[in-house]
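Visitor: Just so you know, the sequences run in chain order A and B.
Just so we're aligned: 527 in the numbering used here is position 248 of the first sequence, and the numbers increase by one with no gaps anywhere.
Just so we're aligned: 1772 in the numbering used here is position 289 of the second sequence, and the numbers increase by one with no gaps anywhere.
One or more of the hints may lead you astray.
[What the hints assert, rightly or not] Some chain A residues close to chain B (C-beta under 8 Å, calculated; not the full set):
(1) S348
(2) K361
(3) R365
(4) M391
(5) T399
(6) A466
(7) E467
[Stated by the list, open to error] Listed next, the stretches of chain B that the computed footprint assigns to chain A, with coverage defined by at least 3 CB atoms under 8 Å from CB atoms of chain A:
(8) 1502 to 1509
(9) 1608 to 1617
These are computed hints drawn from the structure, not numbers from a lab.
All C-beta atoms in this analysis are idealised placements derived from N, C-alpha and C, irrespective of residue type, glycine included.
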Amino acid sequence: MRVTDMTTEYTTADGRRIGGTVMEMKNITLRFGGVEAIKNISFDIREGEIRAIIGPNGAGKSSMLNVISGFYVPQDGEVWYKGAPRPPMKPFEVAQQGIARTFQNIALFEGMSVLDNVMTGRLTHMKTGLFAQSIWKGKAEQEETENREVAERIIDFLEIQAIRKTPVARLPYGLKKRVELARALAAEPTILLLDEPMAGMNVEEKEDMSRFILDVNDEFGTTIALIEHDMGVVMDLSDRVVVMDYGKKIGDGTPDEVRNNQDVIDAYLGVSHD
Amino acid sequence: MPEQLAFTIEVFLNGLMAGVLYALVALGFVLIYKASGIFNYAQGVMALFAALTLVGIMEGQVPFAHLINAILGTDVHHFGWHVPAFLAIGLTMVVMIVLAYLVQRFVFRYLVGQEPIILFMATIGLAYFMEGVGDLMWGSEIKTLDVGLPQGINIAIDETTYGWFGYGFFIDNLDIVAAIIAILLVTGLVLFAQYTKQGRAMRAVADDHQAALSVGVSLNFIWILVWSLAGFVALVAGIMWGAKSGVQFSLSLIALKALPVLMLGGFTSIPGAIVGGLIIGVGEKLFEFLIGAPFLGGATENWFAYMLALIFLVFRPQGLFGEKIIERV
């Protein structure tokens, strides 16, 4: 049983350090009534890497992300996190454990400004109690300032300073996606989950987003797990790729390995399943 | 200055004061509605329950005295002590927080994701249940509530206006206190929502449940928090209303007046609840004074608010401050 395998720590060609296993999915099965969305899937996520989950529509990618972030509870299998099995948890508890996520259809707080949205990402880092917060003295004030600094740094990093005070509802789609990334990043997560970060974007926006994902990983060393069905983008971004089709895992490895896997080629080219 | 105009101004001012109380009840509705999508029919009963509990604690009443006496054959009614008002208010607040917890734990936790109409039905049930419990706990006789707020005509205003218009305005001190407390309360709530961690989490939940979960906010905790805040607002409203007209079960009917207030102000807007409350308060008093009493035989205060709300429903269904209803076709 491998918990945290530090012996295989290595450095990538571009000089990033990839550490041991931080999360491991063990024989995950998820059913909705009679439909098996995920069938007995296992894979791991290592510290510092960009891990992609790809597959055609309906392959169960989003379900898998929802299992990791606690929105779905699998019927079978275990989620191991930081070397220990994770008991069934509510999504907010998963978030408090350092797993931040974005959503395919963008779930921002539309009524709030960009800065306020990013600040909500800091909620898990605010420790002062209700009473201290209400009378707003000393520690609470200091905490607010510190968290504000982190939020501003991330806003700068993702180049959204110009729209700091703009209500999110007024932003175009591409920028909303970036604000959502900023909010998730503000939590300084151990693992950052991105649900189709490039969905619905034009080429230029996709390039921007790819650059930001790489920069985040490089600059903060954040472990990133992302879902995408645009294969081209994923192959350039990720260190390792899991390929899913009809709820099953059909491939797992480096982009090159996956690209040459016959099952993967069949799935993407639409060979009939029989 | 003609006397009619002076009367009108006085009526206007009294309308504002009445509106403050409507606004307070409406505020409780908005808090819960924004954060959980539940239209809490029980808000008025919560005000009643808070007022009953406050009086009961202050006078050292034994809760469930009738029940205890009936079962045990005893004859207890009072502990024989009196609790000072500020302490009793604190204790009542504790009761309201426990109530918030129980409501969330035993009712709404099981109804998450249900249709709004089902949630609404649940609050109707809750309203009657709480009314029954309030009756059983504290008895149903009308009680006077005196927490030491100043009451009676404000002499200073009376004399000043007499100097100006030759006619002294009758403004009740209690109404002035109510207005000041309402302003403090609303300012406090807005500051809390804007600048504290819990306030931010509250706004997050009001905006998007899924996103709130993803940033580590417990919906359950926030819902208990908003029910507690609504309980606090209900307590304030209960104190004001109770001091004005005694603690009686008809107090729960003020919840119904909050309905037209919400239709005017919008169900999701705190400023809307305030402005809506003031408009209804002033509107019904002025209408009664200028049109109702001279031309329609009076008693228009009973229906004016609803008629105004009806007009709003036709021309601006989202209210003055509510979120625009946009439908894609």
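Visitor: Now tell me if each hint is right for this structure.
Guide: Here is what the structure says about each hint:
Interface restraint check: S348(A) against chain B, minimum CB-CB distance 7 Å, threshold 8 Å, status holds. Interface restraint check: K361(A) against chain B, minimum CB-CB distance 17 Å, threshold 8 Å, status violated. Given hint, R365(A) at the interface with chain B, is violated; its Cβ is 15 Å from that chain's nearest Cβ, farther than 8 Å. Below 8 Å, beta-carbon pairs count as interface contacts, and M391(A) has one with chain B at about 7 Å; its hint therefore holds.
Below 8 Å, beta-carbon pairs count as interface contacts, and T399(A) has one with chain B at about 5 Å; its hint therefore holds. Taken as an interface hint, A466(A) checks out: its beta carbon lies about 7 Å from the nearest beta carbon of chain B, inside 8 Å. For E467(A), the shortest C-beta to C-beta distance to chain B is roughly 12 Å, which exceeds 8 Å, and the interface hint is violated. For the region 1502 to 1509 of chain B, the assignment as covered by chain A is violated, since 0 residues bring a beta-carbon within under 8 Å of that chain's beta-carbons and 3 are needed.
Here the region 1608 to 1617 of chain B counts 0 residues with a CB under 8 Å from a CB of chain A, which misses the bar of 3, and the coverage is violated.
Taken one by one, the earlier hints fail for this structure at numbers 2, 3, 7, 8 and 9, listed in ascending order.
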